Amino acid sequence: MRLSRITNGRARSVPLEGVEKAATGIKGFDEISGGGLPRGRTSIVCGGPGCGKTMLGLEFLVRGVEEYREPGVLLAFEETPEEMTKNVASLGFDLNALVQKKKLFLDYIRVEPAEIEETGEYDLEGLFVRLQYAVDSVGAKRVVLDTIESIFSGFSNESLLRAEIRRLFRWLKDRGLTTVVTAEQGSGTLTRHGLEEYVSDCVILLDHRIQDQISTRRLRIVKYRGTRHGADEYPFLIDEAGLSVLPLTSIALNHKISSQRISTGIPDLDAMMQGKGYFRGSSVLLSGSAGSGKTTMACHFADASCRRGERCLYIGFEESTDQVFRNAGSVGIDLHRWVKKELLFHHAWRPTQYGMEMHLLRIHKLIETIRPDAVVMDPISNLIASSNQRDVRSLLMRLIDFLKSRGITALLVALTRGLDHIETTEEHISSLIDTWILLRDIEQTGERNRCLYILKSRGMAHSNQLREFVITDKGIRLIHAYIGAGQVFTGSARLTQEAKDNAAALLREQTIAQKQRELGAKRRELESRIAALRAEYEAQEKAMEVTIQQAQSVEQRLQLDAAEMATSRHAEGKQSEGPHKTNGAER
Amino acid sequence: MKSNGQKARSKAQAKAGGGADSDIIELRLYVAGQTPKSLAALANLKRICEEHLNQKYRIEVIDLVKHPQLAQGDQILAIPTLVRRVPQPLRKIIGDLSNTERALVGLDIRQAHTSTASA
Numbered sequence: 030m031r032l033s034r035i036t037n038g039r040a041r042s043v044p045l046e047g048v049e050k051a052a053t054g055i056k057g058f059d060e061i062s063g064g065g066l067p068r069g070r071t072s073i074v075c076g077g078p079g080c081g082k083t084m085l086g087l088e089f090l091v092r093g094v095e096e097y098r099e100p101g102v103l104l105a106f107e108e109t110p111e112e113m114t115k116n117v118a119s120l121g122f123d124l125n126a127l128v129q130k131k132k133l134f135l136d137y138i139r140v141e142p143a144e145i146e147e148t149g150e151y152d153l154e155g156l157f158v159r160l161q162y163a164v165d166s167v168g169a170k171r172v173v174l175d176t177i178e179s180i181f182s183g184f185s186n187e188s189l190l191r192a193e194i195r196r197l198f199r200w201l202k203d204r205g206l207t208t209v210v211t212a213e214q215g216s217g218t219l220t221r222h223g224l225e226e227y228v229s230d231c232v233i234l235l236d237h238r239i240q241d242q243i244s245t246r247r248l249r250i251v252k253y254r255g256t257r258h259g260a261d262e263y264p265f266l267i268d269e270a271g272l273s274v275l276p277l278t279s280i281a282l283n284h285k286i287s288s289q290r291i292s293t294g295i296p297d298l299d300a301m302m303q304g305k306g307y308f309r310g311s312s313v314l315l316s317g318s319a320g321s322g323k324t325t326m327a328c329h330f331a332d333a334s335c336r337r338g339e340r341c342l343y344i345g346f347e348e349s350t351d352q353v354f355r356n357a358g359s360v361g362i363d364l365h366r367w368v369k370k371e372l373l374f375h376h377a378w379r380p381t382q383y384g385m386e387m388h389l390l391r392i393h394k395l396i397e398t399i400r401p402d403a404v405v406m407d408p409i410s411n412l413i414a415s416s417n418q419r420d421v422r423s424l425l426m427r428l429i430d431f432l433k434s435r436g437i438t439a440l441l442v443a444l445t446r447g448l449d450h451i452e453t454t455e456e457h458i459s460s461l462i463d464t465w466i467l468l469r470d471i472e473q474t475g476e477r478n479r480c481l482y483i484l485k486s487r488g489m490a491h492s493n494q495l496r497e498f499v500i501t502d503k504g505i506r507l508i509h510a511y512i513g514a515g516q517v518f519t520g521s522a523r524l525t526q527e528a529k530d531n532a533a534a535l536l537r538e539q540t541i542a543q544k545q546r547e548l549g550a551k552r553r554e555l556e557s558r559i560a561a562l563r564a565e566y567e568a569q570e571k572a573m574e575v576t577i578q579q580a581q582s583v584e585q586r587l588q589l590d591a592a593e594m595a596t597s598r599h600a601e602g603k604q605s606e607g608p609h610k611t612n613g614a615e616r
Numbered sequence: 026m027k028s029n030g031q032k033a034r035s036k037a038q039a040k041a042g043g044g045a046d047s048d049i050i051e052l053r054l055y056v057a058g059q060t061p062k063s064l065a066a067l068a069n070l071k072r073i074c075e076e077h078l079n080q081k082y083r084i085e086v087i088d089l090v091k092h093p094q095l096a097q098g099d100q101i102l103a104i105p106t107l108v109r110r111v112p113q114p115l116r117k118i119i120g121d122l123s124n125t126e127r128a129l130v131g132l133d134i135r136q137a138h139t140s141t142a143s144a
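Sequence order for the protein chains is Y and Z.
Taking the working numbering, the leading residue of the first sequence gets 30, the next gets one more, and so forth.
Taking the working numbering, the leading residue of the second sequence gets 26, the next gets one more, and so forth.
Everything labelled a hint here was simulated from the structure, so no lab data went into it.
Predicted model, so just to flag it, every value in this text is computed and none were measured.
The C-beta atom is built at its ideal place from N, Cα and C for all residues, glycine as well.
Please note that the accuracy of each hint is not assured.
[Stated by the list, open to error] Chain Y side only, calculated, beta carbon under 7 Å to chain Z, not exhaustive:
| hint | residue |
| --- | --- |
| 1 | R139 |
| 2 | E147 |
| 3 | G149 |
| 4 | Y151 |
| 5 | L153 |
| 6 | G155 |
| 7 | R159 |
| 8 | V164 |
| 9 | V167 |
| 10 | E226 |
| 11 | D230 |
| 12 | Y566 |
[Claimed, not checked] A few chain Y positions that, by computed beta-carbon distances, are all more than 12 Å from chain Z:
| hint | residue |
| --- | --- |
| 13 | K50 |
| 14 | G63 |
| 15 | K115 |
| 16 | V158 |
| 17 | A163 |
| 18 | K551 |
| 19 | Q569 |
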């Protein structure tokens with residue numbers, strides 16, 4: 030009756046799943062198990078000592094009460110309720126309060142072989158009675174039996190115990206109780222007493238491994254009948270907020286993508302990316318050799334984020350908060366004010382302080398609480414140093430997935446060693462990166478100069494230029510690319526080349542001026558010669574005119590003289606002619 | 026509340042030499058309903074007490090079906106369970122008490138009986 034009612038009630042919310050799930054409320058676990066533990070059935074949680082079995086069970090109960098309004102019962106065989114309450118108080122679980130509110134029932138079952146004498150037939154009806162009483166008194170939907178195997182130490186009749194355990198699981202199932210049974214891991218078997226034989230619905234294995242002195246807890250769903258589940262080993266953590274399971278990879282690549290662009294904090298660098306900067310929500314890798322200005326560039330980005338009024342989380346694995354701020358201040362970036370305005374959050378810790386998973390979880394938590402728009406991690410290469418590449422890749426992949434799913438822009442800083450491997454060292458993460466800016470030193474004429482170029486930037490037309498940049502007291506400034514004789518010049522080589530070119534230009538200018546002057550002189554000379562010729566010509570013309578006039582006046586004189594002579598001679602013969610001429614002259 | 030003293034009988038200890046009057050054995054038998062095992066246990070217990078106990082004793086039968094909350098106090102898991110509360114230390118015997126020898130060992134009175142017999 031109860032089972033069917035629950036089934037009907039829940040079926041509507043999860044119509045596609047064949048097996049009903051009871052959400053555990055444990056971070057990440059519901060995700061990898063497709064919704065939680067099988068509702069109304071028994072699950073086994075097994076593992077070695079100290080692997081977190083009890084913690085998982087307790088969190089399942091407490092979250093069940095607090096988040097899913099499902100009261101629970103804990104039957105503890107190893108710890109008293111007082112001990113248990115104290116143990117989980119550090120996780121913020123107040124068991125006493127839940128017990129007083131009648132939402133949780135704690136019962137401690139002590140099995141002490143020394144006190145028990147067996148005489149004849151018996152069964153474990155007492156356990157059933159107590160469980161029934163506990164379930165009834167709070168109306169429990171969830172039950173945790175913390176290491177039921179302890180009863181094997183108290184009773185000698187193993188076949189009877191097995192029959193009773195089988196009966197117990199049947200009993201729990203019949204009542205529709207979602208149950209977690211914890212069990213110690215045996216050598217070569219999942220549980221020491223083979224309990225997994227009786228529970229066929231769900232078996233979860235917890236593991237606690239030490240590698241390079243750093244411990245990592247892992248969880249694996251060995252079996253989950255009727256459910257598609259993640260089969261990997263998932264790292265998990267127990268910290269002040271309980272258990273968190275970290276799914277290795279998110280299920281699908283379906284992040285919402287923003288086409289909004291945000292400034293890099295350096296206008297010149299923005300200009301290299303269509304004048305707009307990074308895409309919002311993209312992952313950016315800044316890699317470069319030591320002292321190439323990576324952190325300064327990251328500070329610029331953080332500063333730019335805060336200027337837009339966005340929240341930025343800066344995680345340092347190398348430098349302390351004060352050191353980063355001081356150094357940023359020395360290049361004219363005041364990060365303190367953003368901290369005061371609660372826009373910038375700087376957290377620094379050593380990469381060796383935790384295992385990979387703890388790092389990831391801590392970052393997750395900071396992101397959950399701060400909810401930043403941008404995250405800077407400086408440098409991720411230090412993480413690489415503390416673990417193997419596969420782990421780092423998996424960590425970064427999960428982290429980037431996580432950030433992308435939330436539309437958070439990620440700026441990762443990586444230190445590269447040596448110039449030869451400058452592009453290969455990050456190959457294991459390059460595929461995760463949208464925009465990759467490489468900073469490098471160029472050695473030339475006895476000095477190192479800083480250069481940057483955009484190795485790749487998905488989805489935008491970006492500059493392919495190798496640009497020199499300098500770090501001034503006003504921050505990073507890109508210098509106009511100086512390209513001559515087929516190569517880029519940097520630093521003083523650039524200055525020298527510039528000077529050389531300037532000198533050559535000056536020389537050319539002088540030559541032109543000289544030529545122009547010469548031409549002017551030529552023209553003037555020509556003009557003066559023309560003037561001289563003209564003057565000569567004019568003089569000659571004048572002289573000629575005078576001569577002509579003189580000649581004309583001589584002719585007139587001669588004619589006059591001839592006429593006068595004729596008149597004086599009175600020449601008759603000339604009378605007939607004379608009147609004509611005279612007449613004509615008179616006329 | 027408790028189905029107290031269903032059977033509480035004392036046996037005159039005329040033969041007993043050094044037994045003090047206050048030396049009462051308090052026994053509590055936990056059962057769950059009228060199952061064959063429970064009935065057998067009670068019958069066996071009465072028989073053992075009659076035959077072997079030369080002290081005062083008191084038997085209290087608790088039915089956990091009626092009073093489940095009482096199971097917690099004496100940490101009852103197996104049914105039937107016989108608990109010797111007094112004298113200390115507390116001792117527990119589980120099963121239907123069909124094995125008299127073991128029951129006596131469990132109750133720690135075999136020794137007393139044999140010593141009485143030999144004396």
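Hints breached by this structure: Checked against the structure, the hints that fail are numbers 8, 9, 10, 11, 12, 16, 17, while the rest are satisfied.
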